[in-house]
Every structure is written in structure tokens, then in C-alpha cells.
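Full structure from sequences and hints, please.
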Amino acid sequence: MNELEQKLRKGLYVDNLRELVRLCETLMQEGKHRVPLYVLQSVLFDLLQDWRGRPQTPEEVRTAEEALLDPSFRLVESLRTNQLLEAQMKVLDELVESFLSLLA
Amino acid sequence: MKNGPHRIRLLDLLRRDGLYRGEVELSSGAHSNYYVDGKMVTLSPEGAWLTAQLVLDLLADEDLHPDAIGGLTIGADPIVAAVACISHERGKPIPAFIVRQERKLHGKQKLIEGPLARDSDVVIVDDVVTKGGSIRGAIEAAEDFGCRVVKVIALVDRLEGAAEEKLRGYSFTSIFTRDDLLETNERTRAEAAKGTLR
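Protein sequence lines, in the order shown, are assigned to chains A and B. If you read the first sequence in the numbering used here, its first letter stands for residue 1, the second for the next number, and so on. If you read the second sequence in the numbering used here, its first letter stands for residue 105, the second for the next number, and so on.
Because the hints were derived from the structure by calculation, they are not lab data. Heads up, the beta-carbon is just placed ideally off N, CA and C, and yes, glycines get one too. There may be inaccurate statements among the hints.
Mimicking BS3-like on lysine-lysine, the simulated pairs with C-alpha atoms at most 27 Å apart in a straight line are [claimed, not checked]: (1) 143/B to 214/B; (2) 214/B to 10/A; (3) 143/B to 196/B; (4) 7/A to 235/B; (5) 235/B to 214/B.
Ranges of calculated distance between the beta carbons of each label pair, as one might list FRET restraints [what the hints assert, rightly or not]: (6) 97/A to 113/B: 26 to 34 Å; (7) 26/A to 133/B: 43 to 51 Å; (8) 63/A to 105/B: 38 to 46 Å; (9) 63/A to 138/B: 31 to 39 Å; (10) 11/A to 193/B: 41 to 49 Å; (11) 263/B to 58/A: 18 to 26 Å; (12) 11/A to 265/B: 31 to 39 Å; (13) 101/A to 283/B: 40 to 48 Å; (14) 52/A to 149/B: 45 to 53 Å; (15) 124/B to 32/A: 41 to 49 Å; (16) 194/B to 94/A: 52 to 60 Å.
Take a look at the structure:
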């Protein structure tokens, strides 16, 4: 979880999104928090798909980071501290809601 | 590369249709005040034809006879298709292949599409190279498949370290560099400002 948090702190840009997606995959294959990590990976991968092959404006990146980083950090924290499933689900719901708003 | 009429015309197209000014964030996270969209040129009929001619001329100049040419989708797709087509016209057909972008799940998925045989000598191409991460991914996919990469070609090298880092050890040539695209634009503007532009 520490590595995931560190990579999230580097920000959302294509190469880092690619690394984040791979790290989620690795953690899932190790059997850790598979369902929440699958959701986080899906959000990051969908963003990667959208951004790959074209440059982003600084404003576009800032908007995405404002929408996604805070719930992502809270999700990582909830996994690290083994919070109740209900609390994890609440953060996941916020993450997905933010991502859907971003795309709208 | 030799500066023949095909290269001059392709540079004109790149400057006119593929070069954008304005602050952008690149895939590496670095910021830039310009962006090259190679697809605006390589997907145009004239641009595709010219690109293929120049790639094939480059291979002929270096006496290379690859078994196939490929690269990472999407940037390489129009280039390798055009090269395959024109190579047939020249009587020395070179099949094309495409390397898929990685997917979420890393496992036994097929990354290479097209008529590529293992143990082939291949050329890897891309439209624009910055740090070289994308083109390096295509190289590794081809090598993992059992091929030898005999040449790496980019339409435009942004001169941000790809040749020295990710492509170190490979024979790499770019048809144009950032300087080809930008310097003349700067000169054109300066001349226009001075009223000396004809």
C-alpha cells in the first residue's frame, strides 16, 4: 500500500497511470484487497485509455487529480488500516462517482 | 537523412498539419510548449505515401532487408500499413505487424497482430518519440516474440533523450527532429516580423 500511495503522490500522467495499473495488478495477484483494487485499477485504466496517444492540457490534468486523488488516497488508507468493508465501499463509491463526473 | 523532395514535402505537411503550439503535459509528466500529432500527417494520403517512401529509402540506404515492420498502436499503425503497401509496389514486400498497448491484465494475451513469424528480423517504427518509452515497449514485445530488432525508426524525434537512454544499443534513425520542425517555424516568424518573408 505504501508503494501505491507513493505512486499516487507522483500525480496522474500517462506513464505513471500505466505504472499504477500494473501495481494494482501485482497487488491483486498477491491476493490483497482484490475487489477494491480492481475498482481503483479500472478507474485508472479508463483514464489511461482516454489520455493515451494525446497530450493533456495542464488544466485537464489538474481537474482529474482534484477529482480522483483524494478518494484514492482515502481508499489506500482504508485498506492499510483494514477499515470495515462498509467504510471501504463508501470511499469506492465516492471514487467512482468522481470519475463519472469527470467524464460527464 | 538526405534532404530530397519527399522529405522536404513531408516536413511541410508536418509543420502545417501536425505541429501545435500551447502548453501540454506529455505522457512522461513533463510539460512542453508544443506538440506533434504525427497521425494528422501519416493518416493523410500524401503523408502516408511520403512517409512510406522515406522509410523504405532509409532501409535501402542502409542495405537492410527486414522480414517485417511493426510498432505500437496507434502511432505506428498508419506508418507500417503504408510501408507494407508501398513495399509491395516496389517489388520487395515487407509485411506489417502491430503491437497492442498493454491491457489491464498481464498474462498470456496476444500482444502482436499481423503476419509476423518468430525468428524474424524486424524494424520498429513510431510517429513521435520523446523519452522512448512507447517505442521501447514495442521493441520488447517483438523481442519477447522471438524476433531481432535490426532498426528503429521514428518520424519525429523530440530530442528528449530517447536515443541516449531507452534506445541505447539499437540502430535508431529519425526522419525529422524537433529542430527541423521548430527552427524553421521560428525563422519564418522572425522573418515575417522583419518583413523579409517572401
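Checklist entry - Do residue 194/B and residue 94/A keep their Cβ atoms within the hinted range of 52 to 60 Å? => result holds, 58 Å
Item to check | Supplied distance hint 31 to 39 Å, evaluated on CB atoms of residue 63/A and residue 138/B | outcome: Violated, at about 22 Å.
Checklist entry - Taken at face value, is the distance from the CA of residue 10/A to the CA of residue 214/B at most 27 Å? => result Judged against 27 Å, a Cα distance of about 31 Å means the pair is violated.
Checklist entry - Using the C-beta atoms of residue 124/B and residue 32/A, is the stated range 41 to 49 Å upheld? => result holds, 42 Å
Next on the checklist: Given the hint of 41 to 49 Å, is the C-beta distance from residue 11/A to residue 193/B inside that range or not?
Outcome noted: holds, 47 Å
Item to check | residue 58/A and residue 263/B - C-beta distance against the hinted 18 to 26 Å | outcome: Since residue 263/B and residue 58/A have Cβ atoms about 22 Å apart, the given range 18 to 26 Å holds.
Checklist entry - Would the pair residue 143/B and residue 196/B pass a check requiring their Cα atoms to be no farther apart than 27 Å? => result Holds - the C-alpha atoms of residue 196/B and residue 143/B are around 25 Å apart, at most 27 Å.
Next on the checklist: Does residue 235/B sit within 27 Å of residue 7/A, going by the straight-line distance between their CA atoms?
Outcome noted: Given that 27 Å is the threshold and the Cα spacing comes to 19 Å, the pair holds.
Next on the checklist: If I claimed the Cβ atoms of residue 11/A and residue 265/B lie 31 to 39 Å apart, would that claim hold in this structure?
Outcome noted: violated, 20 Å
Item to check | Consistency of beta-carbon spacing, residue 105/B to residue 63/A, with hint 38 to 46 Å | outcome: For residue 63/A and residue 105/B the Cβ distance comes to about 41 Å; the hint holds.
Item to check | Consistency of beta-carbon spacing, residue 149/B to residue 52/A, with hint 45 to 53 Å | outcome: Given range 45 to 53 Å: violated, Cβ gap about 26 Å.
Checklist entry - residue 97/A and residue 113/B, beta-carbon distance inside 26 to 34 Å? => result Check failed, 51 Å falls outside 26 to 34 Å.
When held up to the earlier numbered hints, the structure conflicts with 2, 6, 7, 9, 12, 14 and fits the remainder.
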